[in-house]
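Participant: Here my numbering runs 210 ahead of the position in the sequence shown, where the first position is 1.
Because the hints were derived from the structure by calculation, they are not lab data. Backbone N, C-alpha and C define an ideal beta-carbon position, used for all residues, glycine too. Incorrect hints may have been included.
Restraint ranges, calculated between C-beta atoms of paired labels, are given here [to be verified]:
| no. | residue 1 | residue 2 | range |
| --- | --- | --- | --- |
| 1 | Gly214 | Phe295 | 35 to 45 Å |
| 2 | Gly302 | Arg261 | 15 to 25 Å |
| 3 | Thr304 | Leu218 | 37 to 47 Å |
| 4 | Gln328 | Trp298 | 32 to 42 Å |
| 5 | Ile306 | Pro249 | 20 to 30 Å |
| 6 | Ser288 | Tyr213 | 16 to 26 Å |
| 7 | Thr300 | Gln328 | 41 to 51 Å |
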Amino acid sequence: MRYGAATLVTAFVLFAGIALAGAGHGWVSGGFGCFALAPISFAAWANALSRKPSLHSAIATLILGLAVSLVVVVATKSEGFEYFFGYWRTSGITGILVGSFAYLNWVLMSVLAVFRAQRALPPGT
211 MRYGAATLVT AFVLFAGIAL AGAGHGWVSG GFGCFALAPI SFAAWANALS
261 RKPSLHSAIA TLILGLAVSL VVVVATKSEG FEYFFGYWRT SGITGILVGS
311 FAYLNWVLMS VLAVFRAQRA LPPGT
């Protein structure tokens with residue numbers, strides 16, 4: 211079940227990468243960032259939905275996801291923020307939802323896994 215959910219989310223993140231790139235006239239940096247975030251999202255979801263999540267894996271997905279997001283910000287700056295704002299202006303609320311899910315799902319699941327893993331640790335650890 212957890213791998214099915216993780217695969218479904220990963221497929222959506224890959225689709226979001228295509229949608230954000232907009233066939234070369236959208237937010238290209240954001241689209242390519244989704245392709246880098248897809249395996250991170252898979253790992254975050256699979257870990258968070260496991261019976262006993264790994265604290266180290268949750269922290270690793272947080273760090274890797276933040277690194278990818280930082281690279282996307284730098285690439286967006288070099289590409290030009292007008293593409294970023296143009297994409298959001300033309301796609302409206304749908305684009306905001308797609309982009310938000312693609313770039314924030316791994317954060318939510320990694321934080322959930324951290325909390326669940328810490329709760330499973332023996333007291334005093």
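Participant: Provide an ascending list of the numbers of those earlier hints which the structure does not satisfy.
Facilitator: 2, 3 and 6
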